[in-house]
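If you're matching them up, the sequences are chains A and B in order.
For the first sequence, the numbering used here begins at 1 and goes up steadily by one.
For the second sequence, the numbering used here begins at 1 and goes up steadily by one.
In the SDA-like style, the derived pairs of lysine to any residue whose C-alpha atoms are separated by at most 25 Å in a straight line are: (1) K73/A to K285/B; (2) K194/B to I179/B; (3) K40/A to L248/B; (4) K26/B to H145/A; (5) K194/B to G225/B; (6) K109/B to G124/A; (7) K17/B to I155/A; (8) K39/A to A241/B; (9) K54/B to R125/A; (10) K285/B to Q77/A; (11) K84/B to E104/A; (12) K39/A to N281/B; (13) K26/B to D192/A; (14) K84/B to S103/A; (15) K65/B to N105/A; (16) K39/A to L287/B; (17) K17/B to R120/A; (18) K54/B to I99/A; (19) K133/A to Y9/B; (20) K78/A to D282/B.
Hints listed in this document are in silico derivations from the structure and should not be mistaken for laboratory results.
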Amino acid sequence: MQEPIVGVLALQGDFREHVLAVRRAMNDLNYPVTLVKTKKDIEPITHLIIPGGESTVMSKLSIVHQSEENLRKKIIQKHSEGMKIFGVCAGVVLLSTEIERQSENDPFEGLGLIDISTARNAYGRQIDSFEVKLRIKDFNPKDFHGVFIRAPQIISVNSPDIEVLSTHRDVTILARNESVLACTFHPELTEDSRIHKYFLSM
Amino acid sequence: MKLKDYWDYRHIGEIEKDGEIKGTVKVKYGFADMLKGGVVMDVTNAEQARIAEKAGAVSVMVLDKLPFDVRKVGGIARTASVDKIREVMGAVSIPIMAKCRIGHTYEAKVLEAIGVDLVDESEVLTPADEERHIWKWPFHTPFVCGARDLGEALRRIEEGAAMIRTKGEPGTGNVAHAIKHMRRYLNGIEHAKKLYENNDGQQLMATARTLKVSLDTLIETCRLGRLPVVNFSAGGIATPADAAEMMLLGADGIFVGSGIFKAEDPENRARAIVLATTHFNDPAKVLEAQEMIDEQKTMFGIETDKMELSMQERGADI
Chain A
1 MQEPIVGVLA
11 LQGDFREHVL
21 AVRRAMNDLN
31 YPVTLVKTKK
41 DIEPITHLII
51 PGGESTVMSK
61 LSIVHQSEEN
71 LRKKIIQKHS
81 EGMKIFGVCA
91 GVVLLSTEIE
101 RQSENDPFEG
111 LGLIDISTAR
121 NAYGRQIDSF
131 EVKLRIKDFN
141 PKDFHGVFIR
151 APQIISVNSP
161 DIEVLSTHRD
171 VTILARNESV
181 LACTFHPELT
191 EDSRIHKYFL
201 SM
Chain B
1 MKLKDYWDYR
11 HIGEIEKDGE
21 IKGTVKVKYG
31 FADMLKGGVV
41 MDVTNAEQAR
51 IAEKAGAVSV
61 MVLDKLPFDV
71 RKVGGIARTA
81 SVDKIREVMG
91 AVSIPIMAKC
101 RIGHTYEAKV
111 LEAIGVDLVD
121 ESEVLTPADE
131 ERHIWKWPFH
141 TPFVCGARDL
151 GEALRRIEEG
161 AAMIRTKGEP
171 GTGNVAHAIK
181 HMRRYLNGIE
191 HAKKLYENND
201 GQQLMATART
211 LKVSLDTLIE
221 TCRLGRLPVV
231 NFSAGGIATP
241 ADAAEMMLLG
251 ADGIFVGSGI
261 FKAEDPENRA
271 RAIVLATTHF
281 NDPAKVLEAQ
291 EMIDEQKTMF
301 GIETDKMELS
311 MQERGADI
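Pulled out of the complex, with its shape left as it was, chain B reads as follows:
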């Protein structure tokens, strides 16, 4: 490979055959675009995947254990079994996502070889590399990564993520951290945009240094007035109102981890969260969604200031 090609890294994942080009940035970003307004549900087997699909999930994420159980069990959390992923792929027609460990390039390669539609490089699993995330551009499969603030989000995008989600605090049923992270993106963008509009190049460059991102990426974000890729919300969403709240704050869609299958009313709750996500700007519809669930059956939450493991801090500084 010529050096010149390597530095054209945004195109390094492309393969051309008979005039068709696969693995392009456009098809990776475009795939994420098609998920917008939808709900991605964590599942651990084919039966849960079928429930999710029937409820109107836009995609399912296959895990070995739900985030709530990862916390409870402890130990090292890794990517799901190949058999399990294949079983879910055979059970439903919607796209399949699966998680790999932060920085574990080979787990991601295996997921790509299985044929999952999107890889989540996730803080829910135990990080495999404490200094690097996966270099995602050479992959043909799109990636989603979690982020707590604008700098983290843009760093992941510069590594090739086609989609960003708030980290929130996974497996807790506490939406507060997802809200905090979404606000940080919004505030970060607003701040940078003001500098951009005032032509304050010096301060904008200083901001890029603080965020540890390139000036180009920051300028693109300012021009767009939003993250340059699709931006979902995840981490602690447990009710239809939680989902609607995140959409109202500007999320393009929702990931629900433990919130559905750790609740005692998964079928109804899954349908209700889909309804509230679509009609987030219509309180009457969100009310209808809230009526479909029973608070007594919501997952038992975890007080985030008393928990031992803060998953959101994993991979955050790099």
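Next up, chain A with everything else stripped away, as it sits in the complex:
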């Protein structure tokens, strides 16, 4: 297998934690990871992580202030050429086809790269953020420590091509299709790199 060329979308959010998580997953403290801010940065990437943060902010920064060929279009193009994408929390919202509970003041469109409907901040405000032990399909039976921070929910999976890998309270929290992995909680805030490993082998 070829070594993945990893990029983390670094417009806003906890992108540095993902760089460290990738290095843990690759067992290499110096594994090169590109911070992607412009369309030029994304060119060589085979595996892109869209981190947690504010989806409205990342959406805007990937469209506005960029030239005609903006970063958003470039992500869609690279995906069609085979780039794998891992969306975490806000990243899941950005990747989805349909978004509910948008701000009326500032709605935005998803990238539509995984056919799911998401609802933003669906568990409530920060005070409702929580930690919980999870089970993930096909992973070794050790619990995964789930950290949910103003998390979105995947309220429906709209395609038979999507495999649900984990649920909590009957809501899908980890799902994938051929090229996109969507995770509503934050594996990068734990020491457990199994989900990052899983993504890097996609």
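Starting from the known structure of chain A, fit chain B onto it as the hints suggest.
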């Protein structure tokens, strides 16, 4: 409550229900992590909050008056009206912050009960307790506190702050104090780190005493080579270049108080500051951001050596 539980104070804010644990240190610190690289904007009403959200603010801070006006009006500055906070919460989908007075535990409890996402125990408001800050660990809501140097920052972290920001000098449009405070953190950490690496335990302990913090917290800071929580910059940031300068000095993100809505071009300026914060290491992008604003429309600054009220000194020695 058993004494043993009380002394496990980092976990005292946790509530467990059906296997889900809320109010943990991880979710409080993690919330601050998600704000990184972003700009938090001070607003006084829903309309300003909408402008901030549209411009790409990562969060808005609700105040009764902007820091510039707090200075001008004088008197006692307190937390914002409940109605106003609710109005802003209903207007935008990004997280909401609100300020309470230093040491005013009950103002913070009210803000938590309203459901704000983060509480700023702020020197912009008139301190309510001259001897103590709020004991922040029992709260489920994360806190941010201002600090002028490493000791102050670590003391606030030991009280439970999930996020630190430079105090700067609020409401002045003068970035010099924010720069000074950021440098003090960096120098303080560098100094302590050297002692740690040289295994000079005696001097490290003496440093902890000078900073009025525990040795454990100082050692953790040395190991990390940075503050143990997210570190933003605030106090006097008025232009995109100011924001980029603070990011270049190592800030994780930016608070803009009076700088946006005391300027005459708030929409453009808000967008420009977001752009410069994200692309701080790309001068061409910061230039693009500077082009979006007009210096003639920047807030009228205050010369900090001639002002009557130094907000940064509030709560600094405790």
